[in-house]
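Trainee: Both chains are given apart, each in its own frame, so use the hints to dock them into the complex.
Taken in order, these protein sequences are the chains called A and B.
Okay, so the first sequence: first residue is 24 according to our numbering, each after it adds one.
Okay, so the second sequence: first residue is 1327 according to our numbering, each after it adds one.
Watch out, some of these pointers could steer you wrong.
Claimed, not checked - Using 20 Å as the maximum straight-line C-alpha spacing, the simulated DMTMM-like pairs for lysine to aspartate or glutamate come out as follows: (1) B/K1485 <-> A/E140; (2) B/K1613 <-> A/D240; (3) B/K1485 <-> B/E1449; (4) B/K1613 <-> B/D1599; (5) B/K1613 <-> B/D1483; (6) B/K1613 <-> A/D260; (7) A/K80 <-> A/D61; (8) B/K1613 <-> B/E1396; (9) B/K1613 <-> B/E1390; (10) B/K1613 <-> B/E1601; (11) A/K80 <-> A/D260; (12) B/K1485 <-> A/D61.
What the hints assert, rightly or not - Derived, one-sided and incomplete: chain A residues facing chain B with beta-carbon distance under 8 Å: (13) P67; (14) V68; (15) T72; (16) M136; (17) F232; (18) W261; (19) T272.
What the hints assert, rightly or not - Now the in silico label distances, taken between C-beta atoms and shown as ranges: (20) A/A183 <-> B/P1638: 34 to 42 Å; (21) B/E1418 <-> A/F42: 38 to 46 Å; (22) B/L1539 <-> A/V187: 24 to 32 Å; (23) B/L1376 <-> A/A241: 48 to 56 Å; (24) B/L1503 <-> A/P71: 17 to 25 Å; (25) A/R92 <-> B/L1376: 22 to 30 Å.
In short, the hints are calculated from the structure, not lab data.
No residue lacks a Cβ here, since even glycine has one placed at the ideal position from N, Cα and C.
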Amino acid sequence: MSRRARSILLNSTGLVVAFLFAFPVYWMAITAFKTAGDIQTYTPVFIPTPTLDNVAKAISQPHFSDFLRNSVVVTLTTLALSLVVGFLAAATVARARFRGRSGFLLLVAIAQMAPFEALLIPFYLFLRHTPIYGQLPSLVVVYFIFTLPFTIWSLRGFIAGIPVDLEEAAMVDGASRAGAFIRVTLPLLGPGLVATSIFAFITAWNEYFYAFVFMTDAQNYTLPVWLASFRTNFGTDWGATMAASTLFTLPVLIFFLIVQNKMVGGLTAGAVKG
Amino acid sequence: MIETQQMGESHRTAPRHSVAPSRRRRLRRLAAKSLPYLAIAPALITFVVLLGYPVYLVVLTSLEHFGLRELANGGETWVGLANYQRILADNEFITVVIRTFLFMIANVALTVVGGFFVALLLERLRRSVRLALSISMILAWATPAVTGAVIFQWLFDSKLGVINWAIGSLGIFGSWLNHSWFDTGFSAFSVITLLIIWQSIPFVAFSVYAGLLAIPRELIEAARMDGASEWQILRMITIPLVRPLLMLLTFLSIIWDFKVFTQVYTMVQGGPDGETVTLSIFAYIEKTQSRYDLASAVSVIMVVMLLVVLVPYIRHMIKTQEEA
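Next up, chain B with everything else stripped away, as it sits in the complex (with noise of 0.2 Å):
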């Protein structure tokens, strides 16, 4: 567009047999090279601008003393690493870090394991079984978070959930009826734990199930041909082969798993007695308390653990952008 404007204008003021053709080359030359520029400028606005200013003012708002009144009134003060200092001095807060990162190993290890079981098993499975799970896989996958915690409120509810009448009517362990699930932080984090895992191995086994299908048949019949056992080549053709793509799958586990709020927020509010209160809940309570300066300091120390056990991925990802 911005061609054929500028291509315009030059038909407008100068001559057309002699001026022009150099400048017109010289015009679309100039208006080939800006074009990428003016293409991808929306997105580069965006990231700078709309993300990169908001990334600025939490680092800001962390090193300065900002309740109700700064919220209101303005004139914040700066107080360096105070807020960090208290932070990290308060005993809750490492009780909460380790809470989060002992929830997100169980998630990721259950979700990731879990998901290469089934996709091993989706390969070995006959066509109509196969397509019955896949399905099955795809509803549970499609369950928006909010949908999934309620659901699962009712499945684990007390009274008339179908879950207890379940297990009472195993025999085994007697009734089960009034049994609640929330009492205590670790049953109410199993539930949870459940959910989450229930809705994301789905994706991790359709992936792996995907990377399973890309290996060689001649690989395996080779092997076999050479007398090795299933759990042979299991352990040595098929887990190396899928390793890049289990090691991506995870740290996607990871990023997702270790902020999670939906799930534990809809479902108990940080409960009982702040039990389940995981990294995003609480700084999500120091805001409520208006602490935007605490919980800036706390979303801060967030990235910056996740940068740290993301390293890896970060340069895998750029890796294959360097090959692409």
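One chain only, chain A, in its complex shape (with noise of 0.2 Å):
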């Protein structure tokens, strides 16, 4: 085969595959904004005259705000509490040296395999006896458990990363240990407190499960199980479903075009070199 010729089957090839993983969001957004007409056809119009009654139909279902907000706090409130705790963790683990350290590490690394989903019947024993259960809190105690052994893990390496005679430098200039690492390696971590946030970010704002089963009551719902119910309830109404899709996956979407050249590095930091 000719060279040229290679190269215009592997860029075809290419764009089949490229074709592939954009359709299904594609035909999400598309039939966010088509009119009832459009939708309800055998034959299936692809650049349909846009509407936005889908996305009026979904916002201004019952609960939908009280939807939004439940899922930004409790997704905000575990981003907080993972990073603060995760970070106090991870640059002792990094900096410091000190009896127990490679023991805490296993620690980390077993909790970060732990199946969430095979713990949900004894989260579910555990939380009930409490004042939290059935409320929003207890998703933040839930999804905090989950993401902080990534956070720690992630934020560990990234500041490992940051040459410690940067420190050492402004000790000699004065500076106290402290103080060294809050004005020389803090702002170079910038970078991996963002690659590390979009962690807990997504597992919270994407967690169906024990939202699922621990909210009992409707108005606790967040917004994965609204659009899982969604369905349910409307039938087949497909415009407003695929709207009510498109708002709740837009943001995950914005802050994985924003830094996902960071998190394939994170998950795997290490198993290049084998």
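Mentor: Right, dumping it as structure tokens:
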């Protein structure tokens, strides 16, 4: 095969694969803006005349703003808790030498592998005696435990990647150890913090299983539960369902496009070396 | 903070010039020593108490008789391994285990092999096409599991679904209007597998692509100079070098795909006729029937199975940690 023919074959395969990956999302977004007539047809309309009816319908659902608020509150609280606690532990593990350090790291590694779907029953038995059961804080607790191991693991990697010499130089110039860390290392840690936080953000924002089982009161549903029940309640109103899906996916998509480069490294750091 | 507080105290109680220096130094050393433990304490407490206690509870509950009455009034009785015996003697459970493993193996294999090929493709594409493919994959990757399930139901809808229309308009298979994809377990699983690999290939592909970029160019150039074919380069150089990465990605995929619940539950709820019940759904059904003891035993069995499969991964984790 000539070089040129090979290149054309490869690049067209690339385009076909790109089409396959993008199509479901395209189809969701386009359906969200279709008129009922364009949806209720056996011959699909690929480039419709846009309408905002479906979006309006999704937003005007009873309690939509409650669910949105619930999701935002749960997600941001989880994120804050996870970052603060995770950062303290990660900075310590990366910078301090103390007895029990490797034991602690082993604990983090084990916690990271805990299959949370299998722990639904004990979490339920554990939390149902507490006043937060059925309330949003119970989700925050669970999501915080979900995300903490990864947060520590990932932040530790980013902190360890910043040479300690920089801090030592600042200390020679008279800064205290803490001061050197805060003034030298912390500013360099921005990208690492963003990349790590997206994991906690997505976990909390997307989580369905616990939210579905724990939130007995419909008032406390988060958006994934609302979305999953949407179809059951709406039957075949695909326009409104897809509009709701699009609204729900949009924040995640924006975050992803911003930081996807840094996400690949975090989970598999050290693996290429073997 | 602790440090300054203690220093403040010593400042108040002792004359500054005589006793303070040595005591202050001692306090300072003590504070420096305990600081790491104070900093990791919140995380440590989280793992030991908030995670450790539920783990203890699930094991305990699996060894008791624990139904609706015990949930309300307490007074659970110890039954030893009776729950396990009952589950393992249940033919349906064995079917569910086999089904879960087959489903997991199919998902993991397709994800890792597919991701590997997409990574090889990414490396060989023209810049603009590579960008298009990357953005498409980010779209799929970023889609939340619940959204993915809803979208695929719409794509595969029997009447208005675009997939049935597309197959029908190929003209080879006749009309597919009204073909239902969720009537048999196999067909439903196929759609769910498509959904899962659609969402998980991007991460594998991006990771492997990053690994491929780390392979020294000279190595491949040298092999090509010596007359190696593309296939030989792939087999003798590329695959051995990314093997550790592929192993890690395989183990991560096993963790994720073994316990998948959201996609299966939101799409078919274990139906039709229980043909798509996997272990997570099985445990969930036991819970809805208030058999917390059986559900706990299923959970413990799941964890043990996962641990057995993951022993090599755990060893790898510890090894890389020791190197760091």
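Trainee: Hint by hint, note whether the structure agrees.
Mentor: Here is how each hint holds up against the structure:
{"no.": "1", "hint": "B/K1485 <-> A/E140", "verdict": "violated (34 Å)"}
{"no.": "2", "hint": "B/K1613 <-> A/D240", "verdict": "holds (18 Å)"}
{"no.": "3", "hint": "B/K1485 <-> B/E1449", "verdict": "violated (40 Å)"}
{"no.": "4", "hint": "B/K1613 <-> B/D1599", "verdict": "holds (19 Å)"}
{"no.": "5", "hint": "B/K1613 <-> B/D1483", "verdict": "violated (31 Å)"}
{"no.": "6", "hint": "B/K1613 <-> A/D260", "verdict": "violated (32 Å)"}
{"no.": "7", "hint": "A/K80 <-> A/D61", "verdict": "holds (17 Å)"}
{"no.": "8", "hint": "B/K1613 <-> B/E1396", "verdict": "holds (13 Å)"}
{"no.": "9", "hint": "B/K1613 <-> B/E1390", "verdict": "holds (15 Å)"}
{"no.": "10", "hint": "B/K1613 <-> B/E1601", "verdict": "holds (19 Å)"}
{"no.": "11", "hint": "A/K80 <-> A/D260", "verdict": "holds (10 Å)"}
{"no.": "12", "hint": "B/K1485 <-> A/D61", "verdict": "holds (14 Å)"}
{"no.": "13", "hint": "P67", "verdict": "holds (5 Å)"}
{"no.": "14", "hint": "V68", "verdict": "violated (10 Å)"}
{"no.": "15", "hint": "T72", "verdict": "violated (18 Å)"}
{"no.": "16", "hint": "M136", "verdict": "holds (6 Å)"}
{"no.": "17", "hint": "F232", "verdict": "holds (5 Å)"}
{"no.": "18", "hint": "W261", "verdict": "holds (5 Å)"}
{"no.": "19", "hint": "T272", "verdict": "holds (5 Å)"}
{"no.": "20", "hint": "A/A183 <-> B/P1638: 34 to 42 Å", "verdict": "violated (25 Å)"}
{"no.": "21", "hint": "B/E1418 <-> A/F42: 38 to 46 Å", "verdict": "holds (41 Å)"}
{"no.": "22", "hint": "B/L1539 <-> A/V187: 24 to 32 Å", "verdict": "holds (28 Å)"}
{"no.": "23", "hint": "B/L1376 <-> A/A241: 48 to 56 Å", "verdict": "violated (27 Å)"}
{"no.": "24", "hint": "B/L1503 <-> A/P71: 17 to 25 Å", "verdict": "holds (21 Å)"}
{"no.": "25", "hint": "A/R92 <-> B/L1376: 22 to 30 Å", "verdict": "holds (25 Å)"}
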